[in-house]
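As you go down the protein sequences, you meet chains P and B in turn.
Take the position in the first sequence, starting the count at 1, then add 1; the result is the number in the working numbering.
Take the position in the second sequence, starting the count at 1, then add 78; the result is the number in the working numbering.
It cannot be assumed that every hint is accurate.
With a cut-off of at most 20 Å between alpha-carbon atoms, the simulated EDC-like pairs for lysine to aspartate or glutamate come out as follows [what the hints assert, rightly or not]:
(1) K3(P) with E19(P)
(2) K136(B) with D105(P)
(3) K269(B) with E299(B)
(4) K195(B) with D287(B)
(5) K65(P) with E42(P)
(6) K136(B) with E42(P)
In silico contact screen, one side only, chain B against chain P (beta carbon under 10 Å); selected entries [as the list claims (entries may be wrong)]:
(7) H101
(8) E102
(9) D119
If you're looking for bench data, these hints aren't it; they were derived computationally from the structure.
Glycine included, each C-beta is placed from N, C-alpha and C at the ideal position.
The primary structure of each chain is shown beneath.
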Amino acid sequence: MKVLLVDDEEDFVTALAERLQLRGMEVQFATDGETALRHMETNPPDVVVLDMMMPGMGGGDVLKRMKAGHSQTPVILLTGHTSIDAGPAGVQQGAFDYLVKPVDISELIAKMENALRSGKSE
Amino acid sequence: MKHTDTDNRQVAFFGRMTASITHEMKNVLAIIKESSGLMQDILAFSREETCPYEDKLKDVLHTIGEQITRGVELTSRLNRFAHDPDENIRKTDLTDQVEHLVALSQRFARLQNVVLKVDPPKRPILIETCPVQLQMALFTGIECCLHLMETGGQIYLSPQKQGGKALIRIICEGDDPDETAFGELLFKYEKWPALRKQVEILGGSVEPDPSTRGISISLPEKIPV
Chain P
2 MKVLLVDDEE DFVTALAERL QLRGMEVQFA TDGETALRHM ETNPPDVVVL
52 DMMMPGMGGG DVLKRMKAGH SQTPVILLTG HTSIDAGPAG VQQGAFDYLV
102 KPVDISELIA KMENALRSGK SE
Chain B
79 MKHTDTDNRQ VAFFGRMTAS ITHEMKNVLA IIKESSGLMQ DILAFSREET
129 CPYEDKLKDV LHTIGEQITR GVELTSRLNR FAHDPDENIR KTDLTDQVEH
179 LVALSQRFAR LQNVVLKVDP PKRPILIETC PVQLQMALFT GIECCLHLME
229 TGGQIYLSPQ KQGGKALIRI ICEGDDPDET AFGELLFKYE KWPALRKQVE
279 ILGGSVEPDP STRGISISLP EKIPV
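The whole structure should be built from the sequences, with the hints applied where relevant.
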């Protein structure tokens, strides 16, 4: 599975990337929305894990740009406390699912696998 | 409800700043969680390489994990508390508010060897009220009971629906105070007048209940504006 992790907290995203790599996944990461969109074009992932609250282009904007470009790649949103309503709102905007940070890695992987299955069945 | 605009702005300011900081705290906890998770993974995925302190490291990582869970719970509670002033008056489930305040107040009780418990009703009790004012009144009620329980024990908070009103009974269970002295001691306590005023602002009333060594707070379903 090819995963793109997007979160402005570099220490978080690098640790999570290594954990997913240890489980055999191909992982690339970005710490801002613009870089994430570039990765999407140059090396399209199977699943995107996207933080909602980022400086500059936030997760919601990245999701909108993806949908405007007719991207079919499933997106799992990460939300914090202050954006707890953003998860369901993001799902309404086309995200596959959401998780509240800090995430449980087993839950994240289960959601990514569901997202991949649902993408293949479409 | 009698609040000045300045009061509301100050509370909203504190709430907004606290909510923002709790968001940052959650990011910190997320980084610690993933970093300790990575250490656990490294231990688990490198079976062929022996680590002389593997068991000790696993114990330490387990402790870190438990403290992250505790930190997340506390941060979530604090974040919710910080968001309470977002709406001055709103429809809310009384039991949920009581459980939230009890979770926030456990440390105050623990310092006096008292355990706070909620006796929840079977159905939600929806009231339209000021969440911040309600939290203040519930906390002062708990403080009054803690003041009278010198030797520790338990305090039960029991939200109930009674007629067209909502009732919260705060009940002391312990060796003291004596039933006969309960009302008199309560009236002498400096925070009792504050409690009465806080409940009045919510459009309700508060009475001592010596038979249960408790306090009964009665609230309207809808706060008078």
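Now the hints, each set against the structure:
At roughly 13 Å between alpha-carbon atoms, K3(P) and E19(P) fall within 20 Å of each other, so this suggested pair holds. At most 20 Å may separate the alpha-carbon atoms for a hinted pair to count; K136(B) and D105(P) meet this at roughly 18 Å. Simply put, K269(B) and E299(B) have alpha-carbon atoms about 25 Å apart, too far for the 20 Å limit, and the pair is violated. Between K195(B) and D287(B) the alpha-carbon distance is near 18 Å, which keeps this suggested pair within the 20 Å criterion.
Our distance criterion of 20 Å between C-alpha atoms is met by K65(P) and E42(P), whose separation comes to about 15 Å. Pair hint K136(B) plus E42(P) does not hold up; C-alpha atoms about 41 Å apart against a cutoff of 20 Å. Interface hint at H101(B): satisfied, since its Cβ lies 5 Å from the closest Cβ of chain P, which is below the 10 Å cut-off. Residue-level restraint check for E102(B) holds (minimum Cβ-Cβ distance to chain P is 9 Å; threshold 10 Å).
Taken as an interface hint, D119(B) checks out: its beta carbon lies about 5 Å from the nearest beta carbon of chain P, inside 10 Å.
Violated hints for the displayed structure, listed by number in ascending order: 3, 6.
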